[in-house]
Amino acid sequence: MKTNLNNIEESGFKVPENYFENLEASILSHVNLKEKATDAGFTVPKDYFSKVEDTILTKVTKKEPVKIIPLINKKTIFYISSVAAAILLLFNLNIFNNKVTYDALAYDTVENYVLNEDIATEELATLFNEVDFSEEGFEAISFSDEAIQDYINDNIELNDLY
Amino acid sequence: MLNETVFLQQLQSKNSKEQAFRELITQYKERLYWHIRHIVKSHDDTDDVLQNTFIKVFKNIDNFKGDSKIYSWMYRIATNEAITHINKNAKRLQITNEETQELAINNLQSDVYFEGDEIQLKLQKAIATLPEKQQLVFNMKYFQEIKYKDMAEILETSEGALKASYHIAVKKIQDYLTKD
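Protein sequences appear in the order of chains A and B.
If you're matching positions, the first sequence starts at 1 in this note's numbering and goes up one per residue.
If you're matching positions, the second sequence starts at 1 in this note's numbering and goes up one per residue.
If you're looking for bench data, these hints aren't it; they were derived computationally from the structure.
Check the hints yourself; a few may be wrong.
Claimed, not checked - Here are some of the chain A residues that sit facing chain B, going by a computed Cβ distance under 7 Å:
| id | residue |
| --- | --- |
| 1 | 20 |
| 2 | 111 |
| 3 | 115 |
Unchecked claim - List of simulated lysine to any residue pairs, SDA-like, C-alpha gap at most 20 Å:
| id | chain 1 | residue 1 | chain 2 | residue 2 |
| --- | --- | --- | --- | --- |
| 4 | B | 147 | B | 59 |
| 5 | B | 133 | B | 77 |
| 6 | B | 125 | B | 102 |
| 7 | A | 59 | B | 62 |
| 8 | B | 163 | A | 24 |
| 9 | B | 147 | B | 73 |
| 10 | B | 172 | A | 32 |
| 11 | B | 172 | B | 107 |
| 12 | A | 34 | B | 73 |
| 13 | A | 59 | B | 148 |
| 14 | A | 59 | B | 28 |
| 15 | B | 172 | B | 126 |
| 16 | B | 133 | B | 102 |
| 17 | A | 34 | B | 59 |
| 18 | A | 46 | B | 27 |
| 19 | B | 56 | B | 76 |
| 20 | B | 59 | A | 61 |
| 21 | B | 17 | A | 18 |
| 22 | B | 56 | A | 54 |
| 23 | B | 122 | B | 108 |
| 24 | B | 88 | B | 104 |
| 25 | B | 163 | A | 46 |
Even glycine gets a Cβ: it sits at the ideal position worked out from N, Cα and C.
Based on the sequences and whatever the hints tell you, model everything.
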């Protein structure tokens with residue numbers, strides 16, 4: 001079909017929804033506001049704008065004094081020595097290779113451990129094998145009468161004997 | 001001003017940088033000053049932010065690739081610096097950003113660089129009730145008369161959205177001013 005100008009009744013342009021309904025309010029609120037206050041009321045100090053270039057340029061072009069850092073100074077030597085000493089100590093102290101053996105433990109240490117840890121008699125008993133005890137072992141130890149008397153006095157209540 | 005590409009080359013060349021930078025400050029000092037002033041309100045704070053903005057521009061101009069116009073890039077730096085300034089003040093005073101702004105407006109009454117009357121003071125209070133983005137749009141359009149096209153580039157928002165935002169802002173302010 002050939003396009004005939006007479007057949008085109010609309011331009012095809014559209015406006016947003018409610019555009020004309022809101023137009024008066026939109027223009028009027030802007031006009032009303034402008035009537036009330038055209039500017040914010042802020043002012044600036046006299047000559048501020050004529051000096052601001054120099055103020056900023058002085059700041060951005062200010063040359064920082066160049067720091068001279070000597071390659072070897074006391075501080076550097078101190079740091080390097082500390083690191084070297086730490087590494088040497090790590091290898092020489094040999095703290096990681098020490099293996100603890102039962103033989104190396106002092107009797108007092110073990111005794112204190114047993115006392116402090118509050119280990120029950122039954123628990124201790126489980127640690128001993130039957131072979132650890134022999135009659136000879138007991139025979140070899142002799143207690144004095146006095147020691148036996150002290151032990152009875154300290155540990156046995158009269159009621160326990162009944 | 002010179003062609004933007006040539007001007008950028010001058011700003012990035014060691015020999016002409018200082019002279020070109022002076023020219024850049026002269027061209028934009030007032031526009032950026034007023035943009036910042038409407039955000040932070042006091043002259044002293046504006047002066048700090050304006051100087052920081054130009055110092056940042058000077059330090060970063062060598063990395064500026066020209067993807068946007070120099071002025072819109074500078075406006076973005078100024079906006080960020082001004083908002084950062086408000087945030088820092090809020091943190092220092094241990095109050096919210098809104099309270100910082102309220103404080104800045106209350107201080108206007110005793111500010112020697114504020115000559116506004118009662119209506120202008122009320123207008124500032126009305127602006128402070130708007131969300132941050134609407135405040136920016138309102139200030140840029142109403143007081144600085146920046147074109148929507150330029151504003152769209154600065155705020156990286158579509159012109160349509162900016163127009164809608166501005167009309168909502170005007171309506172809210174008008175309502176605030178006439179409510180009592």
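To see whether the hints hold, each was checked on the structure:
1. 20: violated (14 Å)
2. 111: For residue 111 of chain A, the interface hint is violated, since the closest Cβ of chain B sits about 61 Å away, which is over 7 Å.
3. 115: violated (57 Å)
4. B:147 with B:59: violated (28 Å)
5. B:133 with B:77: Roughly 15 Å separates the two Cα atoms, so the pair holds.
6. B:125 with B:102: Holds, because 8 Å separates the two Cα atoms, which is no more than 20 Å.
7. A:59 with B:62: holds (18 Å)
8. B:163 with A:24: Holds, at about 16 Å.
9. B:147 with B:73: holds (16 Å)
10. B:172 with A:32: holds (13 Å)
11. B:172 with B:107: violated (23 Å)
12. A:34 with B:73: violated (30 Å)
13. A:59 with B:148: violated (34 Å)
14. A:59 with B:28: holds (18 Å)
15. B:172 with B:126: OK: residue 172 of chain B and residue 126 of chain B at ~8 Å, within 20 Å.
16. B:133 with B:102: holds (17 Å)
17. A:34 with B:59: Cα-Cα ~40 Å, so violated.
18. A:46 with B:27: holds (19 Å)
19. B:56 with B:76: Cα-Cα ~11 Å, so holds.
20. B:59 with A:61: Given that 20 Å is the threshold and the Cα spacing comes to 10 Å, the pair holds.
21. B:17 with A:18: Cα-Cα ~53 Å, so violated.
22. B:56 with A:54: holds (16 Å)
23. B:122 with B:108: Roughly 11 Å between the alpha carbons, so the hint for residue 122 of chain B and residue 108 of chain B holds.
24. B:88 with B:104: holds (14 Å)
25. B:163 with A:46: The hint is violated at about 36 Å.
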